[in-house]
Every structure is written in structure tokens, then in C-alpha cells.
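Guided by the hints, dock chain W onto chain Y, whose structure is given.
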Amino acid sequence: MSSKQESMDVSVWRGDEQSGRFEHFEVPAQESQTILDVVSWIQQHQDPTLSYRYACRVGMCGSCAMMVNGVPRWTCRTHVKKVLDGNRLEVAPLRNLPVIKDLATDMDPFFDKWVAAEGMHHPSKTRDDPIETINPESADRQVANAGIECINCSVCYAACDTVSGNPDYLGPAALQRAWTVYNDAKDADKQLVLDAVSGRGGCHNCHSQGSCTMHCPNELNPLDAIAGLKRASAASFFKRRR
Amino acid sequence: MLDLRLYMLQRISALIMAPLTLGHLAVMIYAIQGGLSASEILSRTQGSLLWFLFYGLFVLAVSVHAGIGLRVIVFEILKLKGVALDVFTWGICLLLMAIGARAVMAVTLL
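Residue numbers (the numbering used here), protein chains in the order written: chain Y, 2 to 243; chain W, 1196 to 1305.
Everything labelled a hint here was simulated from the structure, so no lab data went into it. Mixed in with the good hints, there may be bad ones.
To give an idea of the chain W side of the interface with chain Y (calculated C-beta under 8 angstroms), a few residues [stated by the list, open to error]: (1) 1198; (2) 1199; (3) 1202; (4) 1204; (5) 1270; (6) 1271; (7) 1275; (8) 1278.
One side only, chain W facing chain Y, incomplete, derived with CB under 10 angstroms [to be verified]: (9) 1200; (10) 1267; (11) 1272; (12) 1297.
Listed next, with one range per pair, are the computed distances between beta-carbon atoms [what the hints assert, rightly or not]: (13) W:1272 with Y:113: 19 to 27 angstroms; (14) Y:149 with W:1225: 49 to 57 angstroms; (15) W:1285 with Y:237: 21 to 29 angstroms; (16) Y:241 with W:1292: 27 to 35 angstroms; (17) W:1225 with Y:210: 50 to 58 angstroms; (18) Y:241 with W:1276: 24 to 32 angstroms; (19) Y:209 with W:1292: 26 to 34 angstroms; (20) Y:61 with W:1276: 33 to 41 angstroms; (21) Y:135 with W:1252: 30 to 38 angstroms; (22) Y:193 with W:1203: 31 to 39 angstroms; (23) W:1203 with Y:107: 30 to 38 angstroms; (24) Y:52 with W:1294: 55 to 63 angstroms; (25) Y:210 with W:1251: 29 to 37 angstroms.
What you are looking at is a predicted structure, and each value in this text was computed from that prediction instead of being measured. Glycine residues also receive a C-beta, built at the ideal position from the N, C-alpha and C atoms.
Bound-form chain Y, shown alone (with noise of 0.2 angstroms):
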């Protein structure tokens, strides 16, 4: 590295849902540097007061997603090298969702999402019956598995356009979650999870342009679980009327 250290212009947005801007923070740029260090050295260094949230420092929580230069990130697992646009990074809060302060939004109405589609276990079973026997290389699990490894970051839903013009959309990370219950063979009541996610805000509104596929920071496919409860919910439909 050269003696004298270069420095990048990061813009970080300050202030909450009904006020706020962007304030400028020279951070030195350091090798194998991260978003989530970016934020850390100002809080750290210039000014104690911003707000933000992380917990893992390593892909697996998901409480640090932000916007980074526009695009909805994990900024722990993000290099500055791959986003870094000239000299210039802005970070901000999660888009589609309320800002508590300055990078911490409130997560409230994604999660309430999460339950309004029956993303939760349905028991088929008591406590006292023998544990079933999944074959992991039937079709319903390795279906059900293709969603498991969702962290809740809710960087699908802040790239959903469907959630930006719908506020009532259920989004991504819910719909795929509802997907994994739907093919979990242990899961007893698929008719329950199949109404959750048929109402207004339902699966019915994705466009399938894809953004939340796109964006998935561990490479799932939420775009190929709405497609799957949209054949469910339409097989069904039929089938209730006979």
C-alpha cells in the first residue's frame, strides 16, 4: 500500500421516515474492507450517534442488509471493491420498509408478513408419537429444501417493486417461506398455508420480474417459489369447486 492512505466519500443517510439527508463522511480505504466496516469506522471514529444494525458479522443473521449505491446488500458479506463507484459509496436503510433511525428500519411489518402466510409449522404429529421418516431424496423435501437456507435478511423484499406499489404484498421472503411449509411433508395443514397466500396481498400479485432471485444474497429462488404456490393455489381452485 502507498504511505499516504487513500480515502473514500461515503454518503450515509441520517434521520428517519419523516426527515432526513444525506451526510458525507471521509472513511479510509483499507484492504478486504466491508460495507458493514465502512459503517462500523464512522460510528466508531466520526460520530457515535448513527444508528445501524448487525449481529454475525457473517452471513448467517441477516441483520445488516442495507441499500449500498442503491441496491439492497448484506453488508457484512459485501467488499467495497465489488460496489464501490469511483470514489463514492452511498449506504442507506432498506428500502420498503419504515426507518426507525438513520440505517435501522423496522422489521416489524416483514415479519408480520412471515405469519400472515403461514410461513410457520402446522404439527402433524404430538410430542408422544415416533419421529417420521423423511427420505431427504424425495421430491417434496428437496423442493421444501431449496428455501430452508433463508436467513430473513429482507433484502428480496426491499428489491420487490411488487411490494413498493403494493404495501399489502406479502413479498418474497414470506412466499418462499410459505413454499418451504407447503412441501414440508410434516407439515399438516398445506390447505391453511395455500388460503394465507391466495388473499389480496398474496402470491397472485407477484409481476415475476425476478429482483428478489436476482438480489438473494444466498442464491435462493424466491420468484421459483411464487411460481410454485401460484400452480398450487390454481390446481386448488379447481379442485375445491368440484
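Then chain W, alone, in the frame of chain Y:
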């Protein structure tokens, strides 16, 4: 905003429209090959139950499909909601149905 019932109506109306559109284009291309005039075409369509059902079904499918499609656009872009959104959806559907029915009757009734 778009529940399963509206989604299915839009998909089913699209399924109906697709072959009818192809049929319409095929007949148009076929009909003008020999240089048929408008009155010659009308003489074949007027009084025909087949063409009444063909274009009547097409108008019904278009009205349903367009009403639901425009509903999505005005909701997401213009933020129209609630009763106003339902009135808009039904308004578009009935308007297209009335205009279409007028055309179908003019072309197929004696």
C-alpha cells in the same frame, strides 16, 4: 388487491382470447385474399350464430381480462383503493363489454 379469484379469471380469459385472436387473424388474412369488400364480408357474418358466438366470447374475455389488468395498474401506479378500485374495475369491464357488444351485434345480427 389481486386475489385467487381475480387471478384465475384473468388467466382463464387469456386462455380463451389466445385461440380466438389467432382465429381472427387467420380469417382476416384468408378473407382478403380474393379481395372481398366490406359488404361481402358482412353478408357472410350477418345472421351467423357461429360468428356471433366467436366474437361475443372474445368481447367477454377481453372485458374481463382488461378490467382486471387495468385494476392492477391503477392500484400500483395511481394508488386507487377500496370501493373506487372496484368501481373502476367494473366500469372498464362494462364499458368494453358495451362497446364490444355493439360491434358484435352490428357485424353478426341481421
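Against the structure, the hints come out as follows:
With a least beta-carbon distance of about 5 angstroms to chain Y, the hint placing residue 1198 of chain W at the interface is held under the 8 angstroms criterion. Hint on residue 1199 of chain W holds. Least Cβ distance to chain Y is approximately 4 angstroms, under the 8 angstroms limit. Of the supplied interface hints, the one on residue 1202 of chain W holds, with its beta-carbon coming within about 4 angstroms of a beta-carbon of chain Y, less than 8 angstroms. Below 8 angstroms, beta-carbon pairs count as interface contacts, and residue 1204 of chain W has none with chain Y, the closest being about 10 angstroms; its hint is therefore violated.
Using the Cβ-Cβ criterion of 8 angstroms, the hint placing residue 1270 of chain W at the interface with chain Y is satisfied: the shortest such distance is roughly 7 angstroms. Satisfaction of the interface hint for residue 1271 of chain W is found here, the shortest Cβ-Cβ separation to chain Y being roughly 3 angstroms, below the 8 angstroms cut-off. For residue 1275 of chain W, the interface hint is violated, since its Cβ never comes within 8 angstroms of a Cβ in chain Y; the closest pair sits about 12 angstroms apart. Contact between residue 1278 of chain W and chain Y, as hinted, is not supported at the beta carbon level, the nearest pair being about 14 angstroms apart and thus beyond 8 angstroms.
Annotation: residue 1200 of chain W was flagged as interfacial toward chain Y, and the flag holds, the nearest CB pair being 8 angstroms apart, inside 10 angstroms. The criterion of a C-beta within 10 angstroms of any C-beta in chain Y is met by residue 1267 of chain W, whose closest approach is roughly 8 angstroms, and the hint holds. Hint status for residue 1272 of chain W: holds, given a least beta-carbon distance of 7 angstroms to chain Y, under 10 angstroms. The beta carbon of residue 1297 of chain W comes no nearer than 32 angstroms to any beta carbon in chain Y, farther than 10 angstroms, and the hint placing it at the interface is violated.
At about 25 angstroms, the CB distance of residue 1272 of chain W to residue 113 of chain Y agrees with the hint of 19 to 27 angstroms. Checked against the hint of 49 to 57 angstroms, the C-beta distance between residue 149 of chain Y and residue 1225 of chain W comes to roughly 55 angstroms, which is consistent with it. For residue 1285 of chain W paired with residue 237 of chain Y, a C-beta distance near 27 angstroms keeps the hint of 21 to 29 angstroms intact. The hinted window of 27 to 35 angstroms between residue 241 of chain Y and residue 1292 of chain W holds, with their beta carbons roughly 28 angstroms apart.
For the hinted restraint 50 to 58 angstroms between residue 1225 of chain W and residue 210 of chain Y, the CB-CB distance of approximately 39 angstroms leaves it violated. The beta-carbon spacing between residue 241 of chain Y and residue 1276 of chain W, approximately 28 angstroms, falls within the hinted interval of 24 to 32 angstroms. The hinted range of 26 to 34 angstroms is satisfied by residue 209 of chain Y and residue 1292 of chain W, whose Cβ atoms lie roughly 29 angstroms apart. Distance hint check for residue 61 of chain Y and residue 1276 of chain W: the Cβ-Cβ separation is about 39 angstroms, which falls inside the suggested range of 33 to 41 angstroms.
Between residue 135 of chain Y and residue 1252 of chain W, the C-beta spacing of about 48 angstroms breaks the proposed range 30 to 38 angstroms. Checking the proposed 31 to 39 angstroms range against residue 193 of chain Y and residue 1203 of chain W shows it is violated: the Cβ atoms sit about 20 angstroms from each other. Hint check: residue 1203 of chain W to residue 107 of chain Y, Cβ distance near 35 angstroms, so the stated range 30 to 38 angstroms holds. Against the hinted window of 55 to 63 angstroms, the Cβ-Cβ separation of residue 52 of chain Y and residue 1294 of chain W comes to about 57 angstroms, which satisfies the hint.
Residue 210 of chain Y and residue 1251 of chain W have their C-beta atoms about 35 angstroms apart, which keeps the hinted 29 to 37 angstroms range intact.
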